[in-house]
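Enquirer: Protein chains in written order, with the working numbering: chain W, 2 to 303; chain G, -8 to 691.
There is no bait here: all hints are sound.
Now the in silico label distances, taken between C-beta atoms and shown as ranges:
| id | chain 1 | residue 1 | chain 2 | residue 2 | range |
| --- | --- | --- | --- | --- | --- |
| 1 | W | 285 | G | 690 | 31 to 39 Å |
| 2 | W | 291 | G | 39 | 32 to 40 Å |
| 3 | G | 26 | W | 179 | 31 to 39 Å |
| 4 | W | 183 | G | 39 | 41 to 49 Å |
| 5 | G | 143 | W | 242 | 54 to 62 Å |
| 6 | W | 179 | G | 50 | 54 to 62 Å |
I should point out that these hints are in silico values taken from the structure, not numbers from a laboratory. Just so you know, these numbers come straight off a predicted model, no measurement behind them. Note that beta-carbon positions come from the ideal geometry of N, C-alpha and C, so glycine has one too.
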Amino acid sequence: MENSAQKFDAQVLSRISTLKMTAMNLVDGLLTGQHRSRHKGSSVEFAEYKDYSPGDEIRHIDWKVAGKTDKYHVKQFEQSTNLKCTVLLDTSGSMGYQSPLDGHSPKMEYARNLVAALSYLLLKQFDAVGLTLFNNQVVEYIPPRSKASHFQHILHGLANISPQGTTAVTEVLGGLAERLPRRSLLVLVSDFFVQNQDLQKSLKLLCSRGLEVVLFHVLHPDEINLPFEGDMIFESLEEDPTLSLDPQDIQEEYQNAIQDHINSLKKDCNGLGVDYVFLDTSESLDQALSYYLLKRKSLIKL
Amino acid sequence: MSLNFSSPLFLFGLLGVSIPILIHLLTRRQQKQIRFSAVYLLAQSRKRSIRKSRPNRLLLLLARCLAIALFSMALANPLFSFRQSEAFLSASPASIVFILDDSYSMGIRAKDKTLFDSALEYITEGLNKSADNSEFSMILASSPARIEQDWTSDKSTLTAKLEEQAVSYRTTHIGEAVDKAIKLLESARQKNKQILLLTDLDKNGWKEETFFGLGAPYPIQVLNFSQLQSDSNKGMVQSIQVSQEFLTRSRLLRVKAEIKNFSSTVNRMPLSLFLEGKLVKEKLLDIPPGQTLVQEFSYPLRRNQPLNGKVQISDDALPADNSRYFPFHPSQNIQVLVVDGDPETISHQSESFYLERALNPFSVSLSHIDPTVSTLAELPLRNLSDFSVIILANIRELPSGYELELEKFVLNGGSLLLGMGDQVDPKYFNESFGNLLPVRLESQYQVREGALHLLLKNNTHPVMKVFSPKALEEMRGINFYSMYTVQAREDKKFKVGTWFSNQHPAVIESEVGKGIVVLFLSSLDRDWNDFPIQPTYLPWVQRWTQYAARGLENISQQDLLVGEPFRKHTKDNKWIVRSPDGTLHILENEVFSDTFQPGVYRLFSLPSANTAEPGLLTKLPHEAHPVGTFTVNIDTRESESGKISQKEIENLLEGTKLEFLEPQNQTAQPKTSDGIPLTTPFLLMVAGMLLIEGWMVRKE
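Start from the sequences and build out the full structure, keeping to the hints where you can.
Expert: In structure tokens:
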């Protein structure tokens, strides 16, 4: 009942349409001049030769090689199927941070636009996209589909997010690793404010299953710079104890700590061949996305 | 060690310290609340930076507070002193015995008050700061030391007792006071026990014999108040000798005073003679430093009346020793009956010729001895009660039964002097004078060759002590050709006043009843010796007569020291003593002990019919009539003894935990000499604090 009620919530509907427009604008701009070439070359790429064995299709025998070597070799091609992508979005309390200082978009708003844009992009490429929302457990699961209408489901899932709870990335990833299709793409969007959790181990598990993992690390500038002044009481958005201090006293230490955190995460990703994308919510999302996609494209060409 | 402020009003500026504290607290209260994502990271960062950040704010606050506090203290003109002021009162409850030296040397002035007043203030102020449940007792250390207040926990009781105290005129007796304090502490309740001795360390109070075996098992803190002394005791009247000189028609009072200069410079001071309260003579003395000068006053006496006077020097820091009192009581005439046992028609051949002239050389009014010469035949006509002394000179035999009358005369207080001669019948004397004479007369001893002499080894006898060594030498040269030998009676006590060179007694005296019998074993004229024509004969005869008549122990000649008891010689009547302060005491016993005030004490006799109760009187009864005076003076040893050193005290109280403290003059304005001025260092510290504060603010 609650879900059906949410479906008709005017606020949610408005959010969905805004999200859709944002995503479409973003992706259309990005795909200009790329769509066709990417669509053609994805299914007929030669992979390797193999000795003929009974049962192989005769039409795949390379007759030129048979003429030269008098042996039958069969050409093998990469399987040209649609990409399956699962987007994991962190909906823990920390993702709901809203700055009291400036008009930067809330972190969750930024992440939501990111996920919508990526989903739209992938669906435009006829790839299947699914969405999993989690905090300390999986909150909502939308399985990957490649239908264009599936975008609406995803938007609806995104619109209904209300950040709460603690973050348990490793447990959620551990649970999902078995269920995710092999050799698919996993996009993980989070602020990665996790304590005492071995993220590297979980990533390693995912990689070992042939998954291509992309990490989007979304942080608000306040979380990076700690620009507050005066005596303040910090209430945790998750379950950490309340803290009373003058942020100026620890600003330097905090900045170092957060940089260490980012660097550590980046280092772990590089070590595992995982794409790590750092996103500051003060940066425009289209620039950040286009920069990433260009970088990715250049890597594929190599 | 202590810190004093000469302008303590500026210390109110210390309240300004509250300003930065208030600002600190108020700014802390304006906290914003924010919901934040990475609180755990904040906590981790704070853990790492807590050593740097949090103390900075507190240090900033501290620096600001210190700057304000130091500035207000600098304005208050601080003086640092190593002297300790309130060390004696421990924070925990204690049993404290205050030994308060109230000897007159504590009366030395220190600015506007005496050392004794400072000691009282010191105790009073200390009491207010002492721990609750402490108990106190107080011993006054002047001689004799006495417990003035037994153990009390009530501070108001002791304070009231302190208010009653005044400096005495007595000497110090620390040893006895410490002994009493130890005994008091044995019954004390608290475990923490101590003795606090407040004294001027006058050496007179620390006699070695009083500390024999006196190791105090409790700590003693010695507070030396002599340090507060602002002025010095310049001099004192050490002693007075009063004598009289006889002139043809009058007599001259001679007062010889010894004045000592304590200062290190020549002391010019006026010396005044007061008689009956009036200034009669004054002289200006120049006394060399540390020396004693003898100055004599002569004052003509026109009336034969008793006088009381005092000699006084100019005022100095210690007024108690600047004056000394003396009594003068002209001797009464002594009625003497001289019985001549060998009268001659040629007067100078009579036995009594020399004697009479020796007793009264000029006239009755001057010698105070009024001799009456009588022959044996005239004797029954005389009334013996008219005479104080009867001299029997060379008599053979008294009229029948007269010896019993003579015996009654002596037993009632009369005196009998016997001189030998060729008329004396030893048998008669031995038989008839058995009760009066302590010896038997044996026989006449005549010197065949040469002569006998008097053996005058010393002059301690009251009669002989006035004779100078030269006079004694002259007396030793007198030739005695004949004398009587005697044999002691077994049941009689007697004293030999003088010996002959042949080891026989020359003068024998014995007390019989209230009277006295003196036996001279040679002749009182020139028959057996040359004595009557010697210059020493006259004073010798007069002194023996006065002695026999008890004239030498006249009550008016009692010059006592403070605390010495006055002894009454008669038991006849009740006496009243009027002290110098005017209080009246009825005296029934023979001893009056309340002589703790220097000055003239007047004696009055009450008729025996008066039934006044012994004790204090408010008014002198009408029927009381004056009988004499005596004076009481301070013991000057307290003035001139100097100060005892710490080392000497440590030797006296070996084994005792001693602490020597110097009390601070609490009411006086601190002088530069009282400590090191700290205004400049404080201001420098203020500047330092402001620099640190600025640096910290800049760093933030």
